[in-house]
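Asks: Here is how the chains run, residue by residue.
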Amino acid sequence: QQKVQQSPESLIVPEGAMTSLNCTFSDSASQYFAWYRQHSGKAPKALMSIFSNGEKEEGRFTIHLNKASLHFSLHIRDSQPSDSALYLCAVTGMGYKLTFGTGTSLLVDP
Amino acid sequence: GGIITQTPKFLIGQEGQKLTLKCQQNFNHDTMYWYRQDSGKGLRLIYYSITENDLQKGDLSEGYDASREKKSSFSLTVTSAQKNEMAVFLCASSQTGNPNERLFFGHGTKLSVL
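These protein sequences, in sequence, are chains W and A. Heads up: the first sequence is residues 104 to 213, going by this note's numbering. Heads up: the second sequence is residues 1194 to 1307, going by this note's numbering.
Heads up, some of the hints might be wrong.
[To be verified] With a straight-line cut-off of 30 angstroms between C-alpha atoms, the simulated DSS-like cross-links for lysine-lysine are:
1. A:Lys1263 with W:Lys106
2. W:Lys145 with A:Lys1202
3. W:Lys145 with A:Lys1264
4. A:Lys1276 with A:Lys1303
5. A:Lys1234 with W:Lys106
6. A:Lys1264 with A:Lys1215
7. A:Lys1303 with W:Lys159
8. W:Lys170 with A:Lys1202
9. A:Lys1250 with W:Lys170
[Said to hold, decoys possible] Short, incomplete list of chain W residues facing chain A, as computed with Cβ under 7 angstroms:
10. Ala132
11. Ser133
12. Ala146
13. Pro147
14. Ala149
15. Leu150
16. Arg163
17. Phe164
18. Ser176
19. Phe203
20. Gly206
For the record, the hints were derived by calculation from the structure and aren't laboratory data. All C-beta atoms, glycine included, are put in the ideal place defined by N, C-alpha and C.
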């Protein structure tokens, strides 16, 4: 069964800093990798996704994927207080099923 | 755009009670999901439904029943609430059920069992 782990569990960064969130997965045949963001008391919302190795940038957000090392990450440039939220990674692996990680709680300190 | 509405927002139950959570979506999506969110455990899939009257078990289906009454609605029943149980139940939908497509979530139902 696919195992998806996130690190760190929680993170505090100053406003304007670069934030890096990590996600590891266990199934080397995984094919789809996504990040969701959940503000406190709100619905999770899809942020970005990637299918192949490399990097994808959308505004202040960048995903890096390295399938060989079973790792992908989300980087937030110029972090803002509005970025404070729970970040969930999600991976589709064998069995064609989406599995979520345990989440990283981010606080951006103004 | 569309919206997913979950009712109730908060649910307080007694140990052993049968409790029903409801979800409606107006995206006209084929597939709907129920996830459970516990602190420190991410989202775990309870049930999903690819189309009206279809039901598929997820990783956490024991202790739950589900019903897809029509395309727009999907309900979840906790068959016997466990004492001191506390979790958020999230309903989601996706257009076709392809696991590589984005999910749209509701705000959740927060369950507390006394």
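Asks: Each hint: holds or not?
Replies: Hint check results:
{"no.": "1", "hint": "A:Lys1263 with W:Lys106", "verdict": "33 angstroms, violated"}
{"no.": "2", "hint": "W:Lys145 with A:Lys1202", "verdict": "11 angstroms, holds"}
{"no.": "3", "hint": "W:Lys145 with A:Lys1264", "verdict": "24 angstroms, holds"}
{"no.": "4", "hint": "A:Lys1276 with A:Lys1303", "verdict": "15 angstroms, holds"}
{"no.": "5", "hint": "A:Lys1234 with W:Lys106", "verdict": "12 angstroms, holds"}
{"no.": "6", "hint": "A:Lys1264 with A:Lys1215", "verdict": "13 angstroms, holds"}
{"no.": "7", "hint": "A:Lys1303 with W:Lys159", "verdict": "35 angstroms, violated"}
{"no.": "8", "hint": "W:Lys170 with A:Lys1202", "verdict": "39 angstroms, violated"}
{"no.": "9", "hint": "A:Lys1250 with W:Lys170", "verdict": "29 angstroms, holds"}
{"no.": "10", "hint": "Ala132", "verdict": "13 angstroms, violated"}
{"no.": "11", "hint": "Ser133", "verdict": "11 angstroms, violated"}
{"no.": "12", "hint": "Ala146", "verdict": "4 angstroms, holds"}
{"no.": "13", "hint": "Pro147", "verdict": "5 angstroms, holds"}
{"no.": "14", "hint": "Ala149", "verdict": "4 angstroms, holds"}
{"no.": "15", "hint": "Leu150", "verdict": "10 angstroms, violated"}
{"no.": "16", "hint": "Arg163", "verdict": "20 angstroms, violated"}
{"no.": "17", "hint": "Phe164", "verdict": "15 angstroms, violated"}
{"no.": "18", "hint": "Ser176", "verdict": "17 angstroms, violated"}
{"no.": "19", "hint": "Phe203", "verdict": "4 angstroms, holds"}
{"no.": "20", "hint": "Gly206", "verdict": "6 angstroms, holds"}
Of the numbered hints listed earlier, those contradicted by the structure are 1, 7, 8, 10, 11, 15, 16, 17 and 18.
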